[in-house]
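A.B. asks: This is what each chain is made of:
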Amino acid sequence: MDVTRPLGTYSHFYWLMYLLAAAVLVAFALGVWLRIRRWRRGVGTLQERLHFWPRRGIDLIVDLVSHRRFRRATHPWLFHALLVWGFAIFFVGTLCVMLQENFSLPTFSGQWYLALSLALDLFAVLVLGAVFAAGWRRWIRKPEELSDVPSDSFVLVLIAAVVVTGLLLEGVRIAQEPRPWSLWSPMGYGVAMLLAGTDLQTLLSVHRGLWWGHLLLSLGLIAAIPFTRLFHLLASPAALFLKDETAAKALVPLDFSDEEAESFGVGSIEDFHWKRLLDADACTGCGRCQVQCPAWQAGKSLSPKAAGENLSALLAGHSLNGNLNESPVSFAGEVVGEEALWSCTTCRACELYCPVGIEHVSRFVDMRRFLVLTEARFPVELQTAFRGMERQGNPWGFDYKEKALKDGFPALADEPQAEILLWPGCTGIYDPRCRQVTIAFSALLKLAGVRFAVLGAESCCCGDAARRLGNEYLFQDLALRNIAALDKSGLQRIVTTCPHCLNTLNNEYPQFGGRFRAVHHTTYLRELLNDKRLEMAPPELSEAVFHDPCYLARYAGEVAAPRFLLDTVTRNPVELEKHGEDGFCCGGGGGRMWLEEKAEKSVADVRVDQILNTAVSTVATACPFCLTMLSDGMKRRDSEVRIADLAELLAENLIPLEKGGGDGKQGPSIDHGFYYDSDCKEERTQGNRRRG
Amino acid sequence: MIKICVLVKSVPDTASMPGISEDGRSVVVEDLDYVLNPFDEYAIEAAVQLKELHGAELTAVSLGGERASQALRSAFAMGINNGVLVRAPVATEMSGRGAAVCLAAALREMAPDLILAGKQAVDDDGAQVAERIAEHLGFAHASAVNHLEVKETSLTVKRVFEGGYMVLELPLPALVTTEKGINEPRYPALPQILKARRKPIDEFMVSEPVASLALGWEVESLTVPCPERRRQLLDDNVAAGTAQLADLLRQEFLS
Ligand code: SF4
Ligand code: SF4
Numbered sequence: 006m007d008v009t010r011p012l013g014t015y016s017h018f019y020w021l022m023y024l025l026a027a028a029v030l031v032a033f034a035l036g037v038w039l040r041i042r043r044w045r046r047g048v049g050t051l052q053e054r055l056h057f058w059p060r061r062g063i064d065l066i067v068d069l070v071s072h073r074r075f076r077r078a079t080h081p082w083l084f085h086a087l088l089v090w091g092f093a094i095f096f097v098g099t100l101c102v103m104l105q106e107n108f109s110l111p112t113f114s115g116q117w118y119l120a121l122s123l124a125l126d127l128f129a130v131l132v133l134g135a136v137f138a139a140g141w142r143r144w145i146r147k148p149e150e151l152s153d154v155p156s157d158s159f160v161l162v163l164i165a166a167v168v169v170t171g172l173l174l175e176g177v178r179i180a181q182e183p184r185p186w187s188l189w190s191p192m193g194y195g196v197a198m199l200l201a202g203t204d205l206q207t208l209l210s211v212h213r214g215l216w217w218g219h220l221l222l223s224l225g226l227i228a229a230i231p232f233t234r235l236f237h238l239l240a241s242p243a244a245l246f247l248k249d250e251t252a253a254k255a256l257v258p259l260d261f262s263d264e265e266a267e268s269f270g271v272g273s274i275e276d277f278h279w280k281r282l283l284d285a286d287a288c289t290g291c292g293r294c295q296v297q298c299p300a301w302q303a304g305k306s307l308s309p310k311a312a313g314e315n316l317s318a319l320l321a322g323h324s325l326n327g328n329l330n331e332s333p334v335s336f337a338g339e340v341v342g343e344e345a346l347w348s349c350t351t352c353r354a355c356e357l358y359c360p361v362g363i364e365h366v367s368r369f370v371d372m373r374r375f376l377v378l379t380e381a382r383f384p385v386e387l388q389t390a391f392r393g394m395e396r397q398g399n400p401w402g403f404d405y406k407e408k409a410l411k412d413g414f415p416a417l418a419d420e421p422q423a424e425i426l427l428w429p430g431c432t433g434i435y436d437p438r439c440r441q442v443t444i445a446f447s448a449l450l451k452l453a454g455v456r457f458a459v460l461g462a463e464s465c466c467c468g469d470a471a472r473r474l475g476n477e478y479l480f481q482d483l484a485l486r487n488i489a490a491l492d493k494s495g496l497q498r499i500v501t502t503c504p505h506c507l508n509t510l511n512n513e514y515p516q517f518g519g520r521f522r523a524v525h526h527t528t529y530l531r532e533l534l535n536d537k538r539l540e541m542a543p544p545e546l547s548e549a550v551f552h553d554p555c556y557l558a559r560y561a562g563e564v565a566a567p568r569f570l571l572d573t574v575t576r577n578p579v580e581l582e583k584h585g586e587d588g589f590c591c592g593g594g595g596g597r598m599w600l601e602e603k604a605e606k607s608v609a610d611v612r613v614d615q616i617l618n619t620a621v622s623t624v625a626t627a628c629p630f631c632l633t634m635l636s637d638g639m640k641r642r643d644s645e646v647r648i649a650d651l652a653e654l655l656a657e658n659l660i661p662l663e664k665g666g667g668d669g670k671q672g673p674s675i676d677h678g679f680y681y682d683s684d685c686k687e688e689r690t691q692g693n694r695r696r697g
Numbered sequence: 436m437i438k439i440c441v442l443v444k445s446v447p448d449t450a451s452m453p454g455i456s457e458d459g460r461s462v463v464v465e466d467l468d469y470v471l472n473p474f475d476e477y478a479i480e481a482a483v484q485l486k487e488l489h490g491a492e493l494t495a496v497s498l499g500g501e502r503a504s505q506a507l508r509s510a511f512a513m514g515i516n517n518g519v520l521v522r523a524p525v526a527t528e529m530s531g532r533g534a535a536v537c538l539a540a541a542l543r544e545m546a547p548d549l550i551l552a553g554k555q556a557v558d559d560d561g562a563q564v565a566e567r568i569a570e571h572l573g574f575a576h577a578s579a580v581n582h583l584e585v586k587e588t589s590l591t592v593k594r595v596f597e598g599g600y601m602v603l604e605l606p607l608p609a610l611v612t613t614e615k616g617i618n619e620p621r622y623p624a625l626p627q628i629l630k631a632r633r634k635p636i637d638e639f640m641v642s643e644p645v646a647s648l649a650l651g652w653e654v655e656s657l658t659v660p661c662p663e664r665r666r667q668l669l670d671d672n673v674a675a676g677t678a679q680l681a682d683l684l685r686q687e688f689l690s
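Protein chains in written order, with the working numbering: chain B, 6 to 697; chain S, 436 to 690.
Treat the hints with care, since some could be wrong.
[Claimed, not checked] Sample of chain S residues facing chain B (criterion: CB under 8 Å; computed from the structure): (1) Asp448; (2) Ala450; (3) Ser451; (4) Val470; (5) Arg522; (6) Pro623; (7) Ala624; (8) Leu625; (9) Pro626; (10) Arg633; (11) Lys634; (12) Asp637; (13) Met640.
[Claimed, not checked] A few chain B positions that, by computed beta-carbon distances, are all more than 10 Å from chain S: (14) Ala86; (15) Leu387; (16) Gly402; (17) Lys606.
Hints in this document: simulated from the structure, not taken from any laboratory. Using N, Cα and C, we set each Cβ at its ideal position, and we do this for glycine too.
Only chain S is shown next, with the shape it has when bound in the complex (with noise of 0.2 Å):
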């Protein structure tokens, strides 16, 4: 049976509106709601999908802590069967390089067929650490997946770009990193959610020096972006007011 392991992580809800610190160089987490990174739905949703299919045997994985639990536990109300959470030697930040190599180190172990995760996390941004993983595992990959067949002993992904698309085969082992719109995350039902809370997860101690988890870089400062809003009243007769509206295309555009 194909043994598929999806990368998850938790991230702050995006609609909560994250405050900085005094010194204004890191983000206040403290009260901030943590959600399963939405991308990694898709990821998830995808390997439940081929277990449900072919049969799969499915195993979640997150570096950190407490938080990093909590999106193991939306894993399981989603059909993932066993939960590795990772952990550090450090509590300190890390970047993409870090996390990649602990959870390379873990994986590395467990020896999966096929690595699934969502094409970024909505926190950072980074999008770098699943194809960091693949280059340390030496595994093939393909990120923002739209399409996701396995066979035998391949992988058929499709990806989509303006204007086109492209579908490449890939022998497995392999990582995988989904986009919207590859499925519909299912909303766990609630036997899933009430089971998930005490289903026991695995840990995973990384042994890799400290040294090379560092961050490498310092944060100078950090500022909320301020979207500015300009008010434009237009003229309320739809041939005037579709003229004006015209002009100011054009000229934003042209600036």
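The shape of chain B in the complex, shown without the other chains (with noise of 0.2 Å):
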């Protein structure tokens, strides 16, 4: 006897069944058609998202197979997999059905046939059980994150049934007639059992009526998708097909050659990009994102989640007036709500969860260019800063001739041997606190024998703030201006110590020609201490932590050197709860610098709150914004706690405080006056210095 189960029982219906599946899929196929029919009023070509595509489907797959991305939160994901999971088996098993049964393949019979069998009975029960902690969540716990519509319900009653109905069919169809491998159906024999004793006819009937149950139900579960959350199914994988990693990193260039241009950015549907729109439809309304946002945390209106949704929902032709109470209410009113728009530090923590990948930073960054570039529409505030970028290079509109050299940072001119180029970033010059972070490196470089130089006033802001406010127009301006000036330079080897400055040189002046090879100073210091070109004394701190500032460990990926950095500082280092990639903004980016706190409470203070909680008397960073905001953040708690650059913790375990006046010891001399400039103090202008 062949090891299988009997076959085509209905095949006299199966015209029927043909005929509702070819409905199905004609619905289908109409559902599918309307979504892509909107996405494609967005701007772009496919093309543009397919370039390495063998590449994006293996990670497509290992994301499916693995949920990778779904492990990076808290968030629960067993559940989900097991429904990814389960599902891929039931296809798999309908598929060796049908391969056996019309092509009269061996695909449903022998050995493999018992282990198919045992493997869908078990997924089966894992299925249940997957829907059963869905529904817990969903109707029980109800998570404010987690998006509730009722065909969200609907669908997963409809998940059961399928499941229910199969394995109430199996075990109907095993009581009818029982086999000696019948047990590799584990479900359905437990059914046959319960079933014991029933009258044939009755279970011939009733096997009837389940066989139509289950495949209607199966059919209506496919023809769902379109028009359900389940259209996930597919606009997720897509989303993750189609992604661009580096759309935060390096966001697209305007281009600004149309003069006649009357629009710039996105201030309708139709000026997206067509992966915008996806990614809205792409959006399964799980809400990691939402929890994951350093501005919702702190209580602001912002949520990456619901700006996805609300675009889909005018996706879908519904309007939104009036829900986000501005008036009048502009496109990215409607979609985010302008404030929330400009709540946003671009530190995305929220694309670093999203399981399905959505480039939340750039939809954003879109909208904030229409309101700047075409509208004029942005925080007033916000007009010093652009001035002072667009006049001086700098935000604050401090002259910039008089900046470069006045802190005796070598010039170019004065040192034409230099190895490497130090680019402190506007903060490091112009902010007093943070040119101490620059004078410090440059004391550490000193010691280390680096020869090294500084641009001074032929370069500017790099651009970053202006360009995440919207401000493309000034960003490339800026960009423009610095590119020429480090082509003169022809420094191949920049150092800089600020991990935005880090992103823009290298992943964004690309755009625009500029090909430099930037490290930031925490990976060049890790470097010049295995080459021993530094020697550090033994650790003083106590206890100190590090807090990972975005633009270096989820943009830049460097987690590794600043820690080892610390390991040479502090006896103690611990870890804050969130840290590394998984680290919580200091609230500075995106030009959220620039912009005031109309806020209660600021990013700054939940991460502040959250240093507080570990006990630390030493926090260390390595970028300019987050020592401000924090140090800001911790004057507000009244905290002792100090906040201080990795380079200044390393520059007093070198140089000892008390020591004072060059000893020449060690390498070239060290200039204890030029370090410890005691001008910077007294030279702090306090806030934005106004015009006129």
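With the hints in hand, could you dock these two chains into one complex?
C.D. replies: So this is what it looks like as structure tokens:
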């Protein structure tokens, strides 16, 4: 006897089954086509997102099978994996049945059949368990971040019904006709045991009813895909496959060559790139992004999830007017709310945790661009920053010609043998507190005997803030100025103390022909220590933590070097709960540094409280914005916790404060007066300088 | 429709530090960055707001050459429709008196109902060209105005000074200079900036005799102000430090 099960019991009804299946396929195709049609309202071509497609395919498969994107967050993910894996097995099972029945292939017999039967039954149980877990979350626990529309529950019930009817069907079949190997279908066998003694006629009619029920439910589930949350089955893998990993790191440049253009940036659905529209439909409403968003955690109205869902609703033709209480309601106002839009720090926490790889940051910047460039509508304090960058190349509007060398950083002309170009960024030059970091770092360089130079007046703000605030025109102007200056310098190796500059130099300037290789000062310092060009005294500090700057950890992926450095200055390195790639933003990115805090609680406040809960006395960081935001936050909490850049901590450990006066023992002499420049504090200028 | 002219000027960005020429008698302007005079931005914004409110024909007027036309383009970007570049017969440095003569000649021909200007240009802080023009043209005028309302044939302005304010009613035609705070000048939208670059500018040649435009004085010498900084560390005990500070301030005022 062949080891299989009877197939084709209802083959005389197959014409009806195929008819129904065809109808479902038509509905399915129509639904998908409608979605694709609405994405096509956006700009851009498909080709833009197809390069390296084999790589994309492999990544996608790994994503789906391993669920690695889900596992980043503490959110429950196993139930989803079970559903995905389970339905994959169900699909394989159905396919095997079809192949054997229609093509007489041995795909549903022998040992393979036994194994498959067992797997199908086991996964049926696991899927039911998963539905139970999902239902428990959705209906009982109701987490705040989880979107819940009625059709979501419908889909869950439908899934359960398909599986339950399948198991019952199997049980009835086994009850009719038990085989020696029926135990390989343990669930079906169990059902059959319960049915023992039922007369054959009843079993036959129950079987027929169940067969139809199972068929109709399964077809219904397929038909529901394009019209319910199940659509993420298609859209989410599509979003992952078509993802631009660098979307936030290298924002797409705008073309300003058309002087007659009336609009720049995204002010309507039609202005969006099609991928942003696909993203909106690919969102599953899981809320991971919202949970991770520092602005949301600080109690602001920004929810990256809501932005996607609102956009999707707009795409579907629903009007959201008035929802977000602004008048007149702009497009950005409808999608996120303007105030929320300005709260985004571009920290990328949402992107990291989104299981379907949605490109949130660029979506927000797209809309900021429209507000800034086309409508000149933005928080008024930005005027000063924009004007300053336009005219003086820095957001404070300080005289750029004066800036350069007054701290004695060697100019390129004086240091023709420079091996590296030190790029302190404008914060590292103009902000008195951050300038101390530049000074500390250059002291370290001198000590290590590294010949370095700065560009001075020819360079200006890298433009990171301008770009992320939406002022792409200004950004391009700044970028071109810097690229010209950098090209002229002829120096290939750039070391910067600012992770924002790091990202702009490495990832964004290539868009305008600037090919530079910049490294962060923490990376470079590790190199100097490894090469023994710098020697450290034994660590002095008691417990200290490192606060990961978003642009270092999440944008540049550098989490190891700062920890290596931290270990050299403290005997007891501690980790904050949120650290590394999972770090929590200081609130200064995305141009937030130049925006006034209108909310009661700032992102920095949330981070500072997290730090205070960890009870440490020193917080090391490696970004001028983090340094500023956290120091200010600590002041607001009247805390004595010290916030310092790693370069400063290292410099202190090398150069004991009491000593004073260069002794020239280690390498080139260190001018202590130069390092401890007391003028820094004195020249502190409060707040933004206003014109006029 | 009311016709408004706005006087604009390109001035060195106050953030940049000017150098002094070798003979010590003039400012080296070549490497200075020029921007629209900040006070003129208020005048432009006021004009554009009037246009948005009642409808008006707006013309920006500037005296000079290439640099002056940059000021006109900035005005275009902010919403001014037309621009007139007034060219003096000689390329000499002019006093406020000379500038007023040239501009008045152009404005007389344009016959506006209202002239707006910033209360002063932040280059030499002369603060007199606008008022001189009003005198030349016989316009009523008010300086450093914080609020402005246009009616059929007259104009109500408010001038704030220390301890109070004054409301004036001026008959049209009139000239008004704007003070900071009258409005929040707009940051121009990019499409306007791009279009402003290619907008045609009308020119007006002044035919006034050169002699009447002459400076009328000579610069003896120029020096860069050198603010003397004194460092005084106070006791870090708050009470003692505060007392010290009070003493210091007292001395400062008495001396
Ligand atoms: S980038 Fe950061 S601040 Fe912006 S929406 Fe995402 S998580 Fe929130
Ligand atoms: S955007 Fe991503 S993380 Fe946020 S709700 Fe949608 S699927 Fe979840």
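A.B. asks: If a hint holds in the structure, say so; if it doesn't, say that too.
C.D. replies: For each hint, the structure was consulted:
1. Restraint check, Asp448/S versus chain B: the minimum CB separation of about 5 Å is within 8 Å; hint holds.
2. Against a cut-off of 8 Å between C-beta atoms, the interface hint on Ala450/S holds, since the closest Cβ of chain B lies about 5 Å away.
3. A cut of 8 Å between beta carbons decides the hint on Ser451/S: the least distance to chain B is about 5 Å, and the hint holds.
4. Interface hint status for Val470/S: upheld, as the beta-carbon distance to the closest one in chain B is roughly 6 Å, under 8 Å.
5. For Arg522/S, the shortest C-beta to C-beta distance to chain B is roughly 26 Å, which exceeds 8 Å, and the interface hint is violated.
6. With its C-beta approaching chain B no nearer than about 6 Å, Pro623/S sits inside the 8 Å limit, and its interface hint holds.
7. With 8 Å as the threshold, the beta carbon of Ala624/S comes within range of chain B, its nearest partner Cβ sitting at about 4 Å, so the hint holds.
8. At about 4 Å, the closest approach between the beta carbon of Leu625/S and any beta carbon in chain B falls short of 8 Å, and the interface hint on this residue holds.
9. A distance limit of 8 Å between C-beta atoms decides the matter here; for Pro626/S the minimum to chain B is near 5 Å, and the interface restraint holds.
10. Interface restraint check for Arg633/S: the shortest CB-CB distance to chain B comes to about 6 Å, inside 8 Å, so the restraint holds.
11. Using the Cβ-Cβ criterion of 8 Å, the hint placing Lys634/S at the interface with chain B is not satisfied: the shortest such distance is roughly 11 Å.
12. Proximity of Asp637/S to chain B is violated relative to the hint, the smallest CB-CB distance being about 21 Å (cut-off 8 Å).
13. Interface restraint check: Met640/S against chain B, minimum CB-CB distance 29 Å, threshold 8 Å, status violated.
14. Residue-level check passed: Ala86/B sits 47 Å from the nearest beta carbon of chain S, beyond 10 Å.
15. The beta carbon of Leu387/B is not kept farther than 10 Å from every beta carbon of chain S, the shortest such distance being approximately 8 Å.
16. With a cut of 10 Å on Cβ distances, Gly402/B falls inside the contact zone with chain S, its closest approach being about 5 Å.
17. For Lys606/B, the condition that its CB be more than 10 Å from all CB atoms of chain S holds, with the nearest at approximately 28 Å.
Checked against the numbered hints given earlier, the structure breaks hints 5, 11, 12, 13, 15, 16 and satisfies all the rest.
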